[in-house]
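Novice: So the chains spell out like this:
There are 2 protein chains.
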Amino acid sequence: MSLTFFTPGPAQLYPTFEKHLQTFVSGQLGSISHRSQQYRDLHKFTVDQVRTLLNVPDSHAILFLGSASEAWERILFSCVELESFHLVNGSFSKKFHDYSQALCKYAHIQEKPMGEGFSASEVVVPEYAELICATHNETSSGVQMPVSEIHKLKQKYPDKFIAVDIVSSAPYPELDFSLIDTAFFSVQKAFGLPAGLGVWIVNEKCLKKAEYIRNQYSIGGHNDLPTLWKNAQNNETPATPNVMGIYLLGKVAEDFNKIGVKTIRKETEQKADLIYKFIENTSGFAPFVNEKKYRSQTVVVANTEAPSADIIKAVKEKGMVIGSGYGKFKASQLRIANFPATSLEQVQALLHELKAL
Amino acid sequence: MSLTFFTPGPAQLYPTFEKHLQTFVSGQLGSISHRSQQYRDLHKFTVDQVRTLLNVPDSHAILFLGSASEAWERILFSCVELESFHLVNGSFSKKFHDYSQALCKYAHIQEKPMGEGFSASEVVVPEYAELICATHNETSSGVQMPVSEIHKLKQKYPDKFIAVDIVSSAPYPELDFSLIDTAFFSVQKAFGLPAGLGVWIVNEKCLKKAEYIRNQYSIGGHNDLPTLWKNAQNNETPATPNVMGIYLLGKVAEDFNKIGVKTIRKETEQKADLIYKFIENTSGFAPFVNEKKYRSQTVVVANTEAPSADIIKAVKEKGMVIGSGYGKFKASQLRIANFPATSLEQVQALLHELKAL
Numbered sequence: 001m002s003l004t005f006f007t008p009g010p011a012q013l014y015p016t017f018e019k020h021l022q023t024f025v026s027g028q029l030g031s032i033s034h035r036s037q038q039y040r041d042l043h044k045f046t047v048d049q050v051r052t053l054l055n056v057p058d059s060h061a062i063l064f065l066g067s068a069s070e071a072w073e074r075i076l077f078s079c080v081e082l083e084s085f086h087l088v089n090g091s092f093s094k095k096f097h098d099y100s101q102a103l104c105k106y107a108h109i110q111e112k113p114m115g116e117g118f119s120a121s122e123v124v125v126p127e128y129a130e131l132i133c134a135t136h137n138e139t140s141s142g143v144q145m146p147v148s149e150i151h152k153l154k155q156k157y158p159d160k161f162i163a164v165d166i167v168s169s170a171p172y173p174e175l176d177f178s179l180i181d182t183a184f185f186s187v188q189k190a191f192g193l194p195a196g197l198g199v200w201i202v203n204e205k206c207l208k209k210a211e212y213i214r215n216q217y218s219i220g221g222h223n224d225l226p227t228l229w230k231n232a233q234n235n236e237t238p239a240t241p242n243v244m245g246i247y248l249l250g251k252v253a254e255d256f257n258k259i260g261v262k263t264i265r266k267e268t269e270q271k272a273d274l275i276y277k278f279i280e281n282t283s284g285f286a287p288f289v290n291e292k293k294y295r296s297q298t299v300v301v302a303n304t305e306a307p308s309a310d311i312i313k314a315v316k317e318k319g320m321v322i323g324s325g326y327g328k329f330k331a332s333q334l335r336i337a338n339f340p341a342t343s344l345e346q347v348q349a350l351l352h353e354l355k356a357l
Numbered sequence: 358m359s360l361t362f363f364t365p366g367p368a369q370l371y372p373t374f375e376k377h378l379q380t381f382v383s384g385q386l387g388s389i390s391h392r393s394q395q396y397r398d399l400h401k402f403t404v405d406q407v408r409t410l411l412n413v414p415d416s417h418a419i420l421f422l423g424s425a426s427e428a429w430e431r432i433l434f435s436c437v438e439l440e441s442f443h444l445v446n447g448s449f450s451k452k453f454h455d456y457s458q459a460l461c462k463y464a465h466i467q468e469k470p471m472g473e474g475f476s477a478s479e480v481v482v483p484e485y486a487e488l489i490c491a492t493h494n495e496t497s498s499g500v501q502m503p504v505s506e507i508h509k510l511k512q513k514y515p516d517k518f519i520a521v522d523i524v525s526s527a528p529y530p531e532l533d534f535s536l537i538d539t540a541f542f543s544v545q546k547a548f549g550l551p552a553g554l555g556v557w558i559v560n561e562k563c564l565k566k567a568e569y570i571r572n573q574y575s576i577g578g579h580n581d582l583p584t585l586w587k588n589a590q591n592n593e594t595p596a597t598p599n600v601m602g603i604y605l606l607g608k609v610a611e612d613f614n615k616i617g618v619k620t621i622r623k624e625t626e627q628k629a630d631l632i633y634k635f636i637e638n639t640s641g642f643a644p645f646v647n648e649k650k651y652r653s654q655t656v657v658v659a660n661t662e663a664p665s666a667d668i669i670k671a672v673k674e675k676g677m678v679i680g681s682g683y684g685k686f687k688a689s690q691l692r693i694a695n696f697p698a699t700s701l702e703q704v705q706a707l708l709h710e711l712k713a714l
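Residue numbers (our numbering), protein chains in the order written: chain A, 1 to 357; chain B, 358 to 714.
Treat the hints as calculated values from the structure; they're not laboratory data. Some hints here could point you the wrong way.
As the list claims (entries may be wrong) - List time: in silico DMTMM-like cross-link candidates among lysine to aspartate or glutamate, alpha-carbon distance up to 20 Å: (1) B:Lys685 - B:Glu710; (2) B:Lys565 - B:Asp455; (3) B:Lys687 - A:Glu236; (4) A:Lys19 - B:Glu375; (5) B:Lys401 - B:Asp415; (6) A:Lys44 - A:Glu236; (7) A:Lys330 - B:Asp415; (8) B:Lys587 - A:Asp98; (9) B:Lys376 - A:Glu204; (10) A:Lys154 - A:Glu204; (11) B:Lys509 - B:Asp533; (12) B:Lys634 - B:Glu674; (13) A:Lys292 - A:Asp98; (14) A:Lys230 - B:Asp455; (15) A:Lys205 - A:Glu81; (16) B:Lys511 - B:Glu440; (17) A:Lys258 - A:Glu18; (18) B:Lys649 - B:Glu626.
Just so we're clear, the structure is a prediction, and the values are computed from it rather than from any experiment.
All chains should be modelled from the sequences, with the hints used to inform the complete structure.
Specialist: Next comes the structure, spelled out in structure tokens:
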């Protein structure tokens, strides 16, 4: 039985994935040199499609890493000489903070319990923090920080760098890259691709900062920003990249562009609305995130009365896979991903089965 | 026209690649959670197959990274508090050295021109160097350091760590992991897979050293050895890994094990012998590496009288792709990869075409 995955990543593969994979294989693209014009054209195609999709200006480079987690480290190396600042309200925003400590930076923290969100007005960034690390979508708790609040936060602290984790929400958030210095995502979430590729969007100000820090401290040996940037100017990468992942990302981003990012965002909101209404109005379910403005549109987290494992098992027998809660909420919550790869009809079918339990 | 790639990586894909890819896709393995038992079984299968293939004892973990270049950095973070030592005779051994400098370590160097190899007896490791970095196969120049010399070098300096780059030769070199502390390779070379996965073999002594260094210096935030090691005990990875790459590696390693690594090594030597005899005996070609013991069995480098670009173009018209020289030798050398994915018959066909030029 073919399953439909509503898991927060790895997730349902985008419907066009197999077609693009077949083109990759039949074109023998897995064997081409990463220093050839053929590769550079492929690389440029993907960068162009992602640039269009997310409205990234030329002030920012679009770079490829092994994972979004690697981006945490590279951003901290590049933008933080001594002190970073982290908004933490879940496991992934906490890991960004932990990476900073592991790099021997002083990592300031403003923390809230899982399930709660941040508004710009309540955030206080310490004077010497160089970088504000914000998470648009906390995959562990289903909390989002509204894009308007992220923008306000940067406007409140215009002289500090801001990094935005859009791992499990891109291309949903409409970030204004005239404000956002750097952002990053991985492809196994809303792009519906197999894992193994991280995408790092980063501006020239970060590059200059990295070059400055390098005079005093290490900014890493592998995939350091100046080397990545220099290679990207030539549509290349310093090391042999995940060519298949880059190709597939370009093709799916092209598919998204053909549909139109506005349509994708609207469909995301429509489907999220259905799911939230269901868990609000169905006995045995309740939204984990109380305040509506902080509810994620791409990863919906529900408290369950029944053990979530029982629900997951029952739904799987109907051909649908939903995620368990994260960490201490594993047994008492569900995480339902709402990515472009699952259609309105598939979401309706899922809710139909959940209703029938 | 379908091409046969004799390029040093990305290279010809292994003949079973498409079959395994199809199984991956039809099993929806691109969507499974990397925290599920299904993933852990997949992960363990690959580790077990690689362990068997390369005869890696249980003292060593087999870990997954985004690329072999990432392994350079992680090894230096883990095994070097202050000083490393590098045998450099080409572009890739030089990069390992440069990574050490970028991490603000003191990187000692013993250097030879491209095309020349190292014997253990001539190597002098400075007293305070903690790690010896050796390259089994210099992809840029087609020089190998014989495994016997690598083993002798470690025996000469038993108290120092030794790291061996087997990126473009594994599974050909028969390393004795009772001597070798750490080694690493990437899958787009002799394993005939698309790029995007690095494999890091590392022993518990390195882990202990990393834990010691961590008390004083950063050992990185992403994929640091203690965190990778802990996750590997549970057949997991800290971040979402390249599940497709790990799956395909396991299946191709299984194919190799069915053939037998001894047979693969013998076939590699037979094919290399053919290629070297050809370039020795054919006017217009000459081996770049003079001393036979230092000639790579997996990447053969030939000087050419005619511009190498002309030869590459002529051969491509016959459906075969060979590599250009590296760096300053781009125009005057050919690099012919000799990996398991290209058969004796395909090598003979290539030499036939080169002869006819």
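Novice: When you check the alpha-carbon spacing of Lys205 of chain A and Glu81 of chain A, does it fall within 20 Å?
Specialist: Holds: Lys205 of chain A and Glu81 of chain A sit about 14 Å apart, inside 20 Å.
Novice: Are the Cα atoms of Lys19 of chain A and Glu375 of chain B separated by 20 Å or less?
Specialist: 14 Å, holds
Novice: Would you check the hint for Lys509 of chain B and Asp533 of chain B, treating anything up to 20 Å between C-alpha atoms as holding?
Specialist: 11 Å, holds
Novice: Taking 20 Å as the top limit, are the C-alpha atoms of Lys649 of chain B and Glu626 of chain B close enough?
Specialist: 13 Å, holds
Novice: Given the hint that Lys376 of chain B pairs with Glu204 of chain A, test it: the Cα-Cα distance must not exceed 20 Å.
Specialist: 44 Å, violated
Novice: Given the hinted pair Lys565 of chain B and Asp455 of chain B, is their Cα-Cα distance within 20 Å?
Specialist: Distance ~25 Å between Lys565 of chain B and Asp455 of chain B Cα, so the pair is violated.
Novice: Keeping to a limit of 20 Å between CA atoms, is the pair of Lys258 of chain A and Glu18 of chain A held or broken?
Specialist: 18 Å, holds
Novice: Holds or violated: are the alpha carbons of Lys401 of chain B and Asp415 of chain B at most 20 Å from each other?
Specialist: Distance of about 13 Å is within 20 Å: holds.
Novice: Please verify whether Lys44 of chain A and Glu236 of chain A have alpha carbons no more than 20 Å apart.
Specialist: Distance ~9 Å between Lys44 of chain A and Glu236 of chain A Cα, so the pair holds.
Novice: For the pair we were handed, Lys685 of chain B and Glu710 of chain B, check the Cα-Cα distance against 20 Å.
Specialist: 26 Å, violated
Novice: Holds or violated: Lys587 of chain B with Asp98 of chain A, Cα cutoff 20 Å?
Specialist: 17 Å, holds
Novice: Measure nothing beyond the straight line between the CA atoms of Lys687 of chain B and Glu236 of chain A; if it is 20 Å or shorter, mark the hint as holding.
Specialist: Between Lys687 of chain B and Glu236 of chain A the Cα gap is close to 18 Å, so the pair holds against 20 Å.
Checked against the numbered hints above, the structure breaks hints 1, 2, 7, 9, 12, 13 and satisfies the rest.
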